[in-house]
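Those letters in the sequence shown? Residues -28 to -1, 1 to 251, per mature numbering (1 follows the signal peptide of the UniProt record, and there is no 0), in order.
No wet-lab data here; the hints were simulated from the structure. Treat the hints with caution; some may be incorrect.
[Stated by the list, open to error] Listed next, with one range per pair, are the computed distances between beta-carbon atoms:
(1) Leu130 x Gly156: 29 to 37 Å
(2) Ala236 x Phe89: 19 to 27 Å
(3) Gly82 x Leu113: 20 to 28 Å
(4) Pro143 x Gly114: 13 to 21 Å
(5) Glu48 x Leu113: 20 to 28 Å
(6) Asp53 x Gly31: 22 to 30 Å
(7) Arg228 x Ser132: 41 to 49 Å
(8) Glu108 x Lys155: 13 to 21 Å
(9) Phe107 x Phe68: 21 to 29 Å
(10) Gly136 x Asp103: 22 to 30 Å
(11) Ala76 x Asp121: 34 to 42 Å
(12) Ala232 x Asp53: 19 to 27 Å
(13) Gly180 x Lys235: 15 to 23 Å
(14) Asp171 x Gln49: 31 to 39 Å
No residue lacks a Cβ here, since even glycine has one placed at the ideal position from N, Cα and C.
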Amino acid sequence: MRPSARLTIAALAVLPLVGLAQGGPARAQPSKGGAATQAKGKTEITWYGHAAFVVKTPGGTVIAIDPWLSNPKAPEQGLADKLEKVDYILVSHGHFDHVGDAVAIGKRTGAKLVTNFELAQELVGAGYPKDAAGFETVGNLGGVIQAGDATVIMVPALHSSGFGDDKGQHPGGNPMGFVIKVKGGPTIYHTGDTDVTMDMKLIPERYGPVDVMLACIGGHFTMDPKGAALAASYVKAKTIVPMHFGTFPVLTGTPRELQAAVKAPTKVHVMEPGKMETL
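Working from the sequences, and respecting the hints, build out all of it.
Shown next, in the form of structure tokens:
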């Protein structure tokens, strides 16, 4: 990362993620080898660029979300082969920049697939292990999935979907976001690709306030920083982490614009790709 980019992150990371769910800030420590490592009683999260995150719960459950780990902002290449353990893979919709390396990771780790029914069928057709993509974890909007010591709720996203491979284009089912309620830890909302919607107001009503919102801000294909700031107010997010920006030239929204648009008490925290932080 360029020195100027590091300075921007330092300026915008107004409240560290470490200790946030417990109400007190602390210092984040980078992980070794790129993958999150467990701290007793803590939830750990690593951003790998674009919309790709890996969450590790206090109980040791490893959840990969939209694992395009070979994206241009990834801290290194070959990460899909380096994650030592993945228990669940959450895919918000069928576009290549969100399916990413899900099939390869699923084949190698046997991670259970959490996504909508139609997309799961297409990913199985593309090689995802069938026995890891069954009714236990495949559902649709409103579905509640138990993922180790975390509960994953599939919530609406306003976007398109569709899965493409060397055989052509296939149905991608309903796009979605994920509310992840960690036992003894935070509530994390990964928006997937979406515009801001009034439906977001139902999230805190049904599932409680959001501790950490992982929000697309790039614009063009999703909501821009102003939309993301409004969405954060709808879900009563304590902290908003920007994602899905700068990967392609058309994704012009910036964390600085998000900072200008967000209203208290929500805080903006910019993560650095490959650096694990503790919730």
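We went through each hint and held it up to the structure:
no.	hint	result
1	Leu130 x Gly156: 29 to 37 Å	holds, 32 Å
2	Ala236 x Phe89: 19 to 27 Å	violated, 40 Å
3	Gly82 x Leu113: 20 to 28 Å	holds, 26 Å
4	Pro143 x Gly114: 13 to 21 Å	holds, 19 Å
5	Glu48 x Leu113: 20 to 28 Å	violated, 35 Å
6	Asp53 x Gly31: 22 to 30 Å	holds, 25 Å
7	Arg228 x Ser132: 41 to 49 Å	violated, 28 Å
8	Glu108 x Lys155: 13 to 21 Å	holds, 18 Å
9	Phe107 x Phe68: 21 to 29 Å	holds, 26 Å
10	Gly136 x Asp103: 22 to 30 Å	holds, 25 Å
11	Ala76 x Asp121: 34 to 42 Å	violated, 26 Å
12	Ala232 x Asp53: 19 to 27 Å	violated, 39 Å
13	Gly180 x Lys235: 15 to 23 Å	holds, 20 Å
14	Asp171 x Gln49: 31 to 39 Å	holds, 37 Å
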